[in-house]
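*Asks:* These are the residues of each chain, in order.
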Amino acid sequence: MDLLGFTITKIRELIEKKTISEKEVNEYFLKRIKKYNPVLNAFVTVVDNNAKGIPLAVKDNYCTKGVRTTASSKVLDDFIPPYESTVTDRLTKKGFSIIAKANMDAWAHGASTATSDYGVTKNPWDLSRYPGGSSGGSAASVSSYLVPGAIGSDTGGSIRHPASWCGIIGLKSTYGRVSRYGLIAMGSSFDSPGPMTLSVEDNALLLRHIAGKDKFDATSSAENVSDYLREMKIARKLVVGIAESYLEGVDEQIKGRFNEVVEIISKMGHTVKKVDLLSPKYSISVYTILQRAEVSSNLARFDGVRYGNDRSHFGAEAKRRIMLGTYTLSHGYYDAFYKRAQKARTLIKNNFIKVFEDVDLIIGPNVPVTALKIGDFEKYPFYGELMDQLNEPANVSGIPSLSIPIGLNSEGLPLSMQIMGSYFNESTIYNLAYQLEKETDFFGVVKKGISNYKD
Amino acid sequence: MAKKNILTKENIIHLAKLSNLQLTDEEINKYLDQLEQTVEFIKNLDELDTTGVTPTSQTTNQSNATYEDGEINEQGLSSQEALKNAKNKKNNYFNVKRIM
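Taken in sequence, the protein lines are chains F and H.
FYI, in my numbering the residues of the first sequence are 1039 to 1493.
FYI, in my numbering the residues of the second sequence are -10 to 89.
The reader is advised that the hints may include incorrect statements.
[To be verified] In silico lysine-lysine, DSBU-like type, Cα no more than 30 Å apart, as pairs: (1) 1253/F to 73/H; (2) 1357/F to 86/H; (3) 1377/F to 19/H; (4) 19/H to 1417/F; (5) 1319/F to 32/H; (6) 32/H to 1417/F; (7) 1072/F to 1055/F; (8) -2/H to 1357/F; (9) 1090/F to 73/H; (10) 1377/F to -2/H; (11) 1319/F to -2/H; (12) 6/H to 1377/F; (13) 1485/F to 1271/F; (14) 1417/F to 6/H; (15) 1357/F to 78/H; (16) 86/H to 1112/F; (17) 1392/F to 32/H; (18) 73/H to 1357/F; (19) 1357/F to 32/H; (20) 76/H to 1112/F; (21) 1103/F to 79/H; (22) 1103/F to 73/H; (23) -2/H to 1112/F; (24) 1312/F to 32/H; (25) 78/H to 1112/F; (26) 19/H to 1112/F; (27) 19/H to 1411/F.
[Unchecked claim] To give an idea of the chain H side of the interface with chain F (calculated C-beta under 8 Å), a few residues: (28) 5; (29) 24; (30) 43.
It should be emphasised that the hints constitute simulated quantities derived from the structure, not laboratory data.
Model, not experiment: these values are computed from the prediction.
Glycine residues also receive a C-beta, built at the ideal position from the N, C-alpha and C atoms.
Generate the whole structure from the sequences, applying the supplied hints.
*Replies:* Next up, the structure:
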């Protein structure tokens, strides 16, 4: 049976009707992985899942019991976790299986996958370009249909950035909505797991399965998990905010298409209004200080004693971040940097809370440029911060945000925008995204991406 | 822009020691430049008035989460499992370098 481009929702339906078996589904995707993964390098490890369940890829920073988990760093080259992450545990109990561990920037540090110790992942739209990152392998594998869906993690844009550059749908969940247990920690006060999919419905479906309180993660929230699939289909007229400060320095083609989408949203009967958000540049600074501090602390445990290799195996990016984090936390600088950033974090958070009193959602571009050429990473000293300047405010404040495709640029590369919602309000984000998907089919981007990778 | 020398080479060597990282001379010079640039960049926070603002360490207002007394520890590993990934072990213990 030709499954090419079928969503998770569709595949699940076919399995339930016994039109197709789980074994056939797995063989189908395994065949595609064998054909295209050598070209794309989306996966670090392909897993023997006994041909069971609907196969998904997870970023290689989710611990999978008995299956090598590297975080794309040679420090963990031979690490076999003795326990299972909550995200993968919940998915396998709901009829899914993990068929591959996806490539990423080492330790999730970056927005390109160029810092992976297992080689860069290629962008399926143009093999000479980055897929974005850090969940670049996850995004590339969904866009080229090596898997029908994947899980990433978003600390400072790491789901939305590659989702944008690969033309798929990627959600950064509210901080604490999804358990971080078994997710190799990067910035513990930021890390947010989320689904990366071909459709809004698939995204909502996966989130519903992985969200919710977990006793193994004290920061996970007991807030009720909404029935996203039902709530996203309710016909709602929404109030949508746009902040001028999020359009500064953004590529003209992205901005142009974004403005067209704003018009479409207005024509659909939603209210669009200007809102006043603090400049994203403050979020970059808060993020840079706090995230580096958390990195230096989280990576301290990798000493090669209990697992993995010693610290000489850290790459340049990890070392740079550890050093800065150690600096901002050290005696004499703590108040000037760390504490000041925590206070600014309060201001950014309060700014969002105030704006969400007037609007249901905030929309804007989420990347300043479309996919860059492999090698360009070296040219920018602030590459990651620059790429994620529009994504980081959601991480600093903890709110959810979804990246959706909005067309292709003149070079045929995907364009995107993000929809930000208030805390634990993924439902309203999905609601608008679902309406837009029905209205525009995301300008055919998702289907075009898959059609480049025939069976 | 004139260089302000926020950091010295000695600072970098000290930070590397605190971070338990061995750096080459080339790396020390590179990180000196890069850290200076970053420190310069994050100074834009000085533009925000944070007087009297409470710092945020947790964004979703969670309070302490505790286990009930007597709950079974499901996260515990057997010593065999815990030692499985260690490269240097002896008699069911992790073997480490002498520190005293």
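*Asks:* Now look at each hint and say whether the structure bears it out.
*Replies:* Hints and how they fare:
{"no.": "1", "hint": "1253/F to 73/H", "in the structure": "holds (25 Å)"}
{"no.": "2", "hint": "1357/F to 86/H", "in the structure": "holds (23 Å)"}
{"no.": "3", "hint": "1377/F to 19/H", "in the structure": "holds (27 Å)"}
{"no.": "4", "hint": "19/H to 1417/F", "in the structure": "holds (15 Å)"}
{"no.": "5", "hint": "1319/F to 32/H", "in the structure": "holds (11 Å)"}
{"no.": "6", "hint": "32/H to 1417/F", "in the structure": "holds (23 Å)"}
{"no.": "7", "hint": "1072/F to 1055/F", "in the structure": "holds (28 Å)"}
{"no.": "8", "hint": "-2/H to 1357/F", "in the structure": "holds (16 Å)"}
{"no.": "9", "hint": "1090/F to 73/H", "in the structure": "holds (27 Å)"}
{"no.": "10", "hint": "1377/F to -2/H", "in the structure": "holds (25 Å)"}
{"no.": "11", "hint": "1319/F to -2/H", "in the structure": "holds (29 Å)"}
{"no.": "12", "hint": "6/H to 1377/F", "in the structure": "holds (24 Å)"}
{"no.": "13", "hint": "1485/F to 1271/F", "in the structure": "holds (22 Å)"}
{"no.": "14", "hint": "1417/F to 6/H", "in the structure": "holds (29 Å)"}
{"no.": "15", "hint": "1357/F to 78/H", "in the structure": "holds (27 Å)"}
{"no.": "16", "hint": "86/H to 1112/F", "in the structure": "holds (22 Å)"}
{"no.": "17", "hint": "1392/F to 32/H", "in the structure": "holds (25 Å)"}
{"no.": "18", "hint": "73/H to 1357/F", "in the structure": "holds (27 Å)"}
{"no.": "19", "hint": "1357/F to 32/H", "in the structure": "holds (22 Å)"}
{"no.": "20", "hint": "76/H to 1112/F", "in the structure": "holds (15 Å)"}
{"no.": "21", "hint": "1103/F to 79/H", "in the structure": "holds (24 Å)"}
{"no.": "22", "hint": "1103/F to 73/H", "in the structure": "holds (12 Å)"}
{"no.": "23", "hint": "-2/H to 1112/F", "in the structure": "holds (28 Å)"}
{"no.": "24", "hint": "1312/F to 32/H", "in the structure": "holds (28 Å)"}
{"no.": "25", "hint": "78/H to 1112/F", "in the structure": "holds (21 Å)"}
{"no.": "26", "hint": "19/H to 1112/F", "in the structure": "holds (22 Å)"}
{"no.": "27", "hint": "19/H to 1411/F", "in the structure": "holds (24 Å)"}
{"no.": "28", "hint": "5", "in the structure": "holds (7 Å)"}
{"no.": "29", "hint": "24", "in the structure": "holds (6 Å)"}
{"no.": "30", "hint": "43", "in the structure": "holds (6 Å)"}
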